[in-house]
Structures are given as structure tokens and as C-alpha cells.
Amino acid sequence: MRTRVTDALTAVTEVRDGDTVLVGGFGMAGMPVELIDALIEHGAGDLTIVSNNAGNGDTGLAALLAAGRVRKMVCSFPRQADSWVFDGLYRAGKIELELVPQGDLAERMRAAGAGIGAFYCPTGVGTPIAEGRETRVIDGREYVLAYPIRGDVALIRAHRADRLGNLVYRKTARNFGPVMATAATLTIAQVSEIVEIGELDPENIVTPSIYVDRLVEAPR
Amino acid sequence: MRTRVTDALTAVTEVRDGDTVLVGGFGMAGMPVELIDALIEHGAGDLTIVSNNAGNGDTGLAALLAAGRVRKMVCSFPRQADSWVFDGLYRAGKIELELVPQGDLAERMRAAGAGIGAFYCPTGVGTPIAEGRETRVIDGREYVLAYPIRGDVALIRAHRADRLGNLVYRKTARNFGPVMATAATLTIAQVSEIVEIGELDPENIVTPSIYVDRLVEAPR
Amino acid sequence: MNQPLGKDDLARLIAADIPDGAYVNLGIGQPTSIAHYLNPDSGVILHTENGMLGMGEIVAADQADGDLTNAGKQPVTELPGAAYFHHADSFAMMRGGHLDVCVMGAFQVSADGDLANWHTGAADAIPAVGGAMDLAVGAKQVWVMMTLFTKGGEPKLVPSCSYPLTGKACVTRVYTEVATFHITPGGVRVADTYGITFEELAERLDVSLIRTQ
Amino acid sequence: MNQPLGKDDLARLIAADIPDGAYVNLGIGQPTSIAHYLNPDSGVILHTENGMLGMGEIVAADQADGDLTNAGKQPVTELPGAAYFHHADSFAMMRGGHLDVCVMGAFQVSADGDLANWHTGAADAIPAVGGAMDLAVGAKQVWVMMTLFTKGGEPKLVPSCSYPLTGKACVTRVYTEVATFHITPGGVRVADTYGITFEELAERLDVSLIRTQ
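Residue numbers (the numbering used here), protein chains in the order written: chain A, 1 to 220; chain B, 1 to 220; chain C, 1 to 213; chain D, 1 to 213.
Next comes chain A alone, as it looks inside the complex (with noise of 0.2 Å):
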């Protein structure tokens, strides 16, 4: 259905307590920070979030741990020289961890919006992550069966987009965008810059609006 154009706050107005909450960037590089504000402001708490980080510094996804909002945290890489608010919240109990490697961070939530049930990934064979799973021998080598990661909502930024919803992304701060966008109910998009539709070239289009449920203008 067709991609409403809106402020941050009533863009993040649908997410309900204990959601599942798909938030992109790798780092600061695509995350979006102008909806993690709003969703602060807006309250929902109890969430579970999908992200590669933990958090940096105090901004951003560190203010939303920061605000007591986030139940559980699922991502690859949570400890990092500035994840001290993510740091404090897990050694004192109060969060909780899945550690999912980034291949498959990204693999599942692909799953999830391409209608794939499960898929037998080969990545952490024979490791910790591997345990409790089931496993295959396909060809000769040895597969875990792994499952979609789906969101209530996607929090993703892009670069721009018309006013359809299509977005172009910015160097690697497309990383989980495309990915989060397919894979979640409603997806909001910040972006830099909305144009006139007719100016994104269709041979360049990274997501598709058909992805984009809400879409938020946040220049920078």
C-alpha cells in the first residue's frame, strides 16, 4: 500500500510495547537516528531489537538502551571501544543477548521478507552457535538450519527517496537497510532528501517502495 510521507513521531506511532524492532546501520554509518529519537520520545518499551551493534557512544541506539526500553538485544557485534551503555545494562543483568553472526543477522531477516521457511547455512559449524541447532550433511558438508528474523517494524535510513518510497543509499551506509526493509511489517525510512518522483533513475533503485511504509525527511 502506498508509502505515507510524515514527521518522525507520528511515523513511530504504531510501535506497540514489546515489539520486535529492526533498527539498521553498522555503527553510526545508516542509523537512524532522528526515529530512534522519536521512538524514545514516543515510549514503547519492552522491545526486542535487531541490529548489528549494541549501540555507540550515546546517541542513537545507545539512547534507547539508555532509556530502559530494550528487553533484548540481538545482533553480531554488541562489544565495541564506545558500548558502554549496552556494556553497564548486560553485566548488571538487565538486558538480555543473542548473538547471531552477521552473515546470518542478515540472512535470516532476507528469509523473513523473501517468504523462505529456513535454510541450512554453513556458518558456525562446529562452534557454540551451532549447538542445540540442527544440523545436516548436504553434499558432503555440514549445514545448521536457521530460521527468519522478522520485525514488527524496520527503523532504517537511506540516503533519498521519491515520494513513492523508493530509496538510494549512500556508500556503506546501505549495509542492512535493503534487508530490514524486506522483512518487516511496517517499515520508516528517514532519508535526507525526498524528491519529485521520476528522479531516482529505476535502474538504481536499492529498495523498491513496495518496501517502504513510512517515510520521514531528516536532513543533514
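Just so you know, the hints here were simulated from the structure itself, not pulled from any lab data. Be careful, since some hints might not be right.
[Claimed, not checked] Calculated lysine to aspartate or glutamate pairs in the DMTMM-like style (CA-CA distance at most 25 Å, straight line):
no.	chain 1	residue 1	chain 2	residue 2
1	C	Lys168	B	Glu134
2	D	Lys168	A	Glu142
3	B	Lys72	A	Glu142
4	A	Lys72	A	Asp58
[To be verified] Some chain B residues flagged as far from chain C (calculated, every beta-carbon gap over 10 Å):
no.	residue
5	Val5
6	Ala44
7	Arg110
8	Thr127
9	Pro128
From the three backbone atoms N, C-alpha and C, an ideal C-beta is built for every residue, glycine too.
Based on the hints, put chains B, C and D in the right spot on chain A.
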């Protein structure tokens, strides 16, 4: 390893009798006609061809079939108004047919390129396509297990390439090219134009050079 | 009493039922004609499984671009706001449940919404499935556009399909020249009739029908 | 007799061993420094798992573009011929066996090529794996760059890893300050030594070593 720019006949010299060859195109859009002509001249036979259709008219894939080089077609839609070459061979019992739904064809090649061992797919559940195959109910929905389709060689057509082998496509001629490029041991791409390194915008590359082994310029 | 619908009227009727802003795939053959009757202001965006959103009209051969076709391989145009993508992405979009509506032709539809539209099962037929099975499992709503009876007068809305299936329990609406059916958990509801009475319809079909109040 | 290698010498050595035209992923930490010693004419193309081929050098903060970083989140440049892609495509590239070489750091490597580099297993440690497991199973060649001994003098090339694994039987070469090891189906071959004799090495490691003839 580095992409080699060459002529069509040199590009296909490594194709062997009995190889599985992925052939791009949806009908004639994206069909690598010059590469197929070179393959006919090269002479390899007993081929398994994976392509959406089974040839149109008398050129391209249809010409390869007419030359008697194909043992088996793996495709989603052989029967078309202009598929007389295939139709004749099929009715004469001179060619095998493995029918694969179009999305499975794409996703199974993607799995091959992405290192996925197998995946549970909802397509074809309860239909003859699912007969004899493993099924599983996940979250209340039934899926069929699908395995990767790998090629020894992929022959694809793109629009432009830089000398490194980065590719961009044109309109719906993109179709299977980007997926096939990832799924073959040797990927050969024909393009209308080869440009200097740096002339293609890194944001707009559809097939990165890592997937392209041989590059053939075939102006049109 | 009203009349059975002509093909154009049927296409116009279906076009009018497609919600504004919907993302829609129109199957090859008859459903393709629905595009012609979509209101340009509706914001409906057409998907074609060969890798495009924002597909425009079919064009004549002298305006054809061989690189730009619909799923039936007819030359088409590109509308402003279009986007191209490869086949794996296109079918991820279909299979992942992102399309609001698809409209396909059919040989048979069962009272449970089973769809048969790819193979007559005839021994000498060359089977071809294309993207029909992916659409059947993927689109949020699967609508069928067909004649209600074969040329021989046999009903195509049946208790159980005799032809090989394309998808199970996937069809939600069946549009025909004499009636529109909604396939619901409670049964097959006749939403509208054209040139036929509910009673005549009930007599000619071997399927229990629910009358719209 | 030659000397143990400094960190820069080790990076230079590994850079020289990377084949011309190879697609290479350099892990975060020490392996990142190898990029500095690649010959620009070698045609080696660097992959970074956050979605890029054709990554250039690390740049200073005043030249940083926040949207352009390496896997260690340091600002980098884009080289001519670069390409960006999203995370699922980036890891499909890794997992699908398309990278020629990756170089990672390690806590331990076993004689069978098992790799442990993500978790010390310490009770209070916060685990973080990132893309290491995907690289371990995906790259055609997995090379390790590490010191051969811990600060406490314990060998890090071991009969069997005591730390949690990143990947099984994946490492093909181990580059250290005192020796380069090739892990082959026949065993661990010492390809080169720096400031240590084969005999001294054999004595300090609990792993059978094969001497290069």
C-alpha cells in the same frame, strides 16, 4: 581473480562436454546471443542448460538446441508461441525437460551463489512439483526443501561493464543475469560496451566484478 | 435483468475492485488487459515478475524496446517511479507476501480456493509453469479471472480440481462473465451475478454457494 | 641468522603473498595493516563485509565520511571501480566462496586448521562475533596473522583449541613473527622461520611440524 576481456570464441573455450550452463535471458531480453553463437562454434555438447525458457525462434538458445548440443533443459516455461525448436525435440524424445517454477529457479541459483545448502520454499506445496520431495511444516505453514542449482559456466548479457568486470544491466533484460553470475564456476558476460574503470558509479553496480571471469564486448 | 459481462467489462470490473495504492501483478493472457482500465489516479503500481515495479502499457512493435517486456514478453513502457530488480529479488518480493493482489487465469478453481492453471495433464502437452506457483503462494490476495464454463459447458469452479494444482487454498476471489465469487473460510459466496440468477448458478455448479444478503 | 619479524614486516610479508588480482577481506585489528603494503599494480581488490568491494586506505578524522567505513568502523576511501552492496549480498559473497583470501587475527589455531578468534570463554566477557564465522566458512583461503605465543609464552598454534571455535578446519596458513605455517591435509608445514630454528620451534610447540625441504 581478475576478469579477462576477450572475444566470444576465446571466452567459451573452457566449456566442456557434459557441462551445466546457465543461460541468461527472459525470452530474448538479456539473452547472450553472441556467446551462444560462439558456444555453437566451439562445439561442446551433451550440455544441461538452465534458463527460464527453452529458446525463442531460431536464434540464441534455440539455435543451440537445433544444433543438437543440449541433453537436458532445466527451465520454468518451455512452451511458447515461438518455441518450435524445443517443442520438436521434446516430442521426438530427443531432449530431457526438468520443469522448475520460475522463483525456485532464481532462488536455487541464488542459494548456490550464496553458500546456502538448501532452503524450505512454500512454492509448489500440494502440486506435482512437490511430489517425492521432502516437506516440513514451519510455524504452521508447509514448505518443500529446495537445493541449489550450480553451473559450471554462466553465459549472461549485461548492458555496460568497466574493465574490472563490474556490470550494469538495462531495464528488464537484467532478469537472471545477476543471479546466474553468482552461481557458476566460470561466468562469461557479454556487454554492449566496455568503459574505463571509474566510469560506472559504485552506487549503481548491479553485478560486482568478483562474479565476472570473462568479459566480451558485443556492440548492438 | 443484467447481461453476462464481455471480456472488457470483466477487466473493467476487476480494475475497479483493486484498492488504491495497491501493488499488483497481472498474469499473462486475459488479466493483462486489466491494466488498461486502472484509473491513473489510483496509485496502483504494477509488478512484472521479470523484474520491475511501475510497469506501464503494452506498446506497438514500432515503439518496442526489446529490453523492456512484461511477463508475457510483450513490449511495455516504464512509468515514472519505476524500479528494476533481478529475478531473485523479484520472486522474493512475490514469495515474501509483499504484493497486495495478483490476478491470474485458471483452468479450474476449487471451492477451497485451490488453483489449477498451468497444466491440463494431457499426455502430449508440454508443461510450463513460469511464475504462477510463486504468485499463488505469495500474493496477499489471489484473484482469478476466467470464464465460468469451458467451451464444452463444464464448470471451472469445482468441488475439487481434476487438473494438476498450481497452489492450494490460495484463491480468494473468482471473477467470471456471469458471477463474482468470494472464497471465504465459510464457503463460496456469490458477490454478484451478471445475466444469471443465483438459482441458475447454483444448479449449474457442483459447489455449495452462499447468497450475499 | 635472520630476526623475528616486526608487525610491519609481517604485514608486508603477507601482502607480498597475496596473488595478483585476488579479492581479499582483511579482518579488523592487525590484518587491516596489510592493505598499506599491497602493490597498487597488483590488482588486489579489498572487500569489506559492511558492503563494499574496492575499499581504499584508512583516512584521518578530518577527511572522514561517516557513511564510508571499514568493518572496524574506521573511515576509509573508495577506489575507482568500487561497488557497494547491502549486507545480505555482502555475506552471500563471503559465504558463497567468492573471496580468494581472508586474513584474520586469532586467539588460537589448531593443527587441523580450526580457528578460535571471537571469544575467550571468560565468564565476564561480552561475546562478539561479527562476520568472523562467515569468513571462516566462506573464503577460499583463510589466513591467520598472529603472534605465535601469548604474552605469557603459551603457544597459540595448538593440537586442539581450548577457546570456543569460530570455524572448523578452515585455516590454510598461519603467519607469525617467528614462522609461517601452511596447514595441509598432510600436516602443519613450516614454510619459513624468522629468528628461530625449526628445532627450537618444534620444541616450543605441541604440534607435529613438517620441515620444508
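Hints versus structure:
1. Lys168(C) <-> Glu134(B): Answer holds: Lys168(C) to Glu134(B) is near 17 Å, not above 25 Å.
2. Lys168(D) <-> Glu142(A): The hint holds at about 11 Å.
3. Lys72(B) <-> Glu142(A): violated, 30 Å
4. Lys72(A) <-> Asp58(A): It holds: about 18 Å lies between the C-alpha atoms, which stays within 25 Å.
5. Val5: Val5(B) clear of chain C: closest Cβ-Cβ about 23 Å, beyond 10 Å.
6. Ala44: Consistent with the label, Ala44(B) stays out of reach of chain C, its closest Cβ about 25 Å off (over 10 Å).
7. Arg110: violated, 4 Å
8. Thr127: violated, 4 Å
9. Pro128: At about 5 Å from chain C, Pro128(B) fails to clear the 10 Å cut-off, so the statement is violated.
Figure legend: structure checked against the earlier numbered hints; hints not met, in rising order: 3, 7, 8, 9.
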